[in-house]
Amino acid sequence: MSPDAFIQVALQLAFYKCNKRLVSTYESASIRRFQDGRVDNIRSATPEALAFVMSMTDERATFTDSEKMKRLRHVINAQTNYTIAAITGMAIDNHLLGLLRIAKELNMEKPEIFSDETYSTSNQFILSTSQVTTTVEMFCCYGPVVPNGYGACYNPQSDHIIFCVSSFWENTGTSSAVFVKALNESLLEIRDLCNRSSAAATKPAVSGQGASLPYKSGR
1 MSPDAFIQVA
11 LQLAFYKCNK
21 RLVSTYESAS
31 IRRFQDGRVD
41 NIRSATPEAL
51 AFVMSMTDER
61 ATFTDSEKMK
71 RLRHVINAQT
81 NYTIAAITGM
91 AIDNHLLGLL
101 RIAKELNMEK
111 PEIFSDETYS
121 TSNQFILSTS
131 QVTTTVEMFC
141 CYGPVVPNGY
151 GACYNPQSDH
161 IIFCVSSFWE
171 NTGTSSAVFV
181 KALNESLLEI
191 RDLCNRSSAA
201 ATKPAVSGQG
211 ASLPYKSGR
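According to the UniProt record's numbering, the sequence shown is numbered sequentially starting from 1.
None of these hints come from the bench; they were simulated from the model.
No experiment lies behind these values; they were computed from the predicted model shown.
Mixed in with the good hints there might be a few duds.
[What the hints assert, rightly or not] Lysine-lysine pairs mimicking BS3-like chemistry, simulated, CA-CA at most 25 Å apart: (1) 17 x 68; (2) 203 x 110; (3) 203 x 17; (4) 68 x 203; (5) 17 x 70; (6) 181 x 20; (7) 68 x 20.
[To be verified] Label pairs and their calculated CB-CB ranges: (8) 114 x 142: 22 to 30 Å; (9) 161 x 121: 23 to 31 Å; (10) 199 x 95: 17 to 25 Å; (11) 142 x 97: 16 to 24 Å; (12) 3 x 110: 12 to 20 Å; (13) 122 x 62: 46 to 54 Å; (14) 65 x 178: 46 to 54 Å; (15) 97 x 177: 29 to 37 Å; (16) 61 x 92: 33 to 41 Å; (17) 47 x 159: 27 to 35 Å; (18) 196 x 33: 17 to 25 Å; (19) 114 x 161: 30 to 38 Å; (20) 196 x 117: 41 to 49 Å.
We treat Cβ as the ideally placed atom computed from N, Cα and C, and that holds for glycine.
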């Protein structure tokens, strides 16, 4: 299981706990393997993420651990696959930006897609995230990219994760303290789900009470 995918899923669960919805999410994806490459975007708010967080927050407790674990595997796979696509130049954000810039350079009328409300909404990154890994105990931080958003920078270590969550004081709809509490709960809940699933998978089968031993002929 990808550690980064695990963290991204926890961020989605934390946001859902706070807001009962998912939003456009940005995670930096390095594309420096390409000449003049910088970053593209890993979009973590996937249909698989929504299915998982809904199962984890279902108040009726209708989902078993097995069903939750199945959804977790699906969202981890989706996140990992999109990450690979992004770092190998196959994500959508830079592609669309390139088309927009070409249209402008050629003095073309702006293509209709770039005036669509869906495109505008998809680029309002209420949750802006980035992994900044170092070998030392330090954290990096940045502010939200929209007034009603969060910045979430994290540094995974061998036995803990350093987070820095930011939001604007003047926005009454966000709270870094509330989000951090939900994030801590989410990380622990997903960890516990994995531990329970692992324990159940390795638990030896118990024979039925009073089961007879195999019959062995005396001949």
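Hint check results:
1. 17 x 68: holds (16 Å)
2. 203 x 110: With a Cα-Cα distance of about 61 Å, the restraint between residue 203 and residue 110 is violated, given a limit of 25 Å.
3. 203 x 17: violated (32 Å)
4. 68 x 203: This hinted pair holds, its Cα atoms lying about 19 Å apart.
5. 17 x 70: holds (20 Å)
6. 181 x 20: holds (15 Å)
7. 68 x 20: holds (18 Å)
8. 114 x 142: 22 to 30 Å: holds (26 Å)
9. 161 x 121: 23 to 31 Å: holds (30 Å)
10. 199 x 95: 17 to 25 Å: Given a distance of about 44 Å, which is not inside 17 to 25 Å, the answer is violated.
11. 142 x 97: 16 to 24 Å: holds (20 Å)
12. 3 x 110: 12 to 20 Å: violated (40 Å)
13. 122 x 62: 46 to 54 Å: violated (31 Å)
14. 65 x 178: 46 to 54 Å: At 27 Å between Cβs, range violated.
15. 97 x 177: 29 to 37 Å: Given about 35 Å between the Cβ atoms, the range holds.
16. 61 x 92: 33 to 41 Å: holds (37 Å)
17. 47 x 159: 27 to 35 Å: The hint (27 to 35 Å, Cβ to Cβ) holds, given that residue 47 and residue 159 are roughly 33 Å apart.
18. 196 x 33: 17 to 25 Å: 39 Å Cβ-Cβ, so the 17 to 25 Å window is violated.
19. 114 x 161: 30 to 38 Å: Holds: the Cβ-Cβ distance is about 37 Å, inside 30 to 38 Å.
20. 196 x 117: 41 to 49 Å: This hint holds: roughly 42 Å between Cβ atoms.
The earlier numbered hints that this structure contradicts are 2, 3, 10, 12, 13, 14 and 18.
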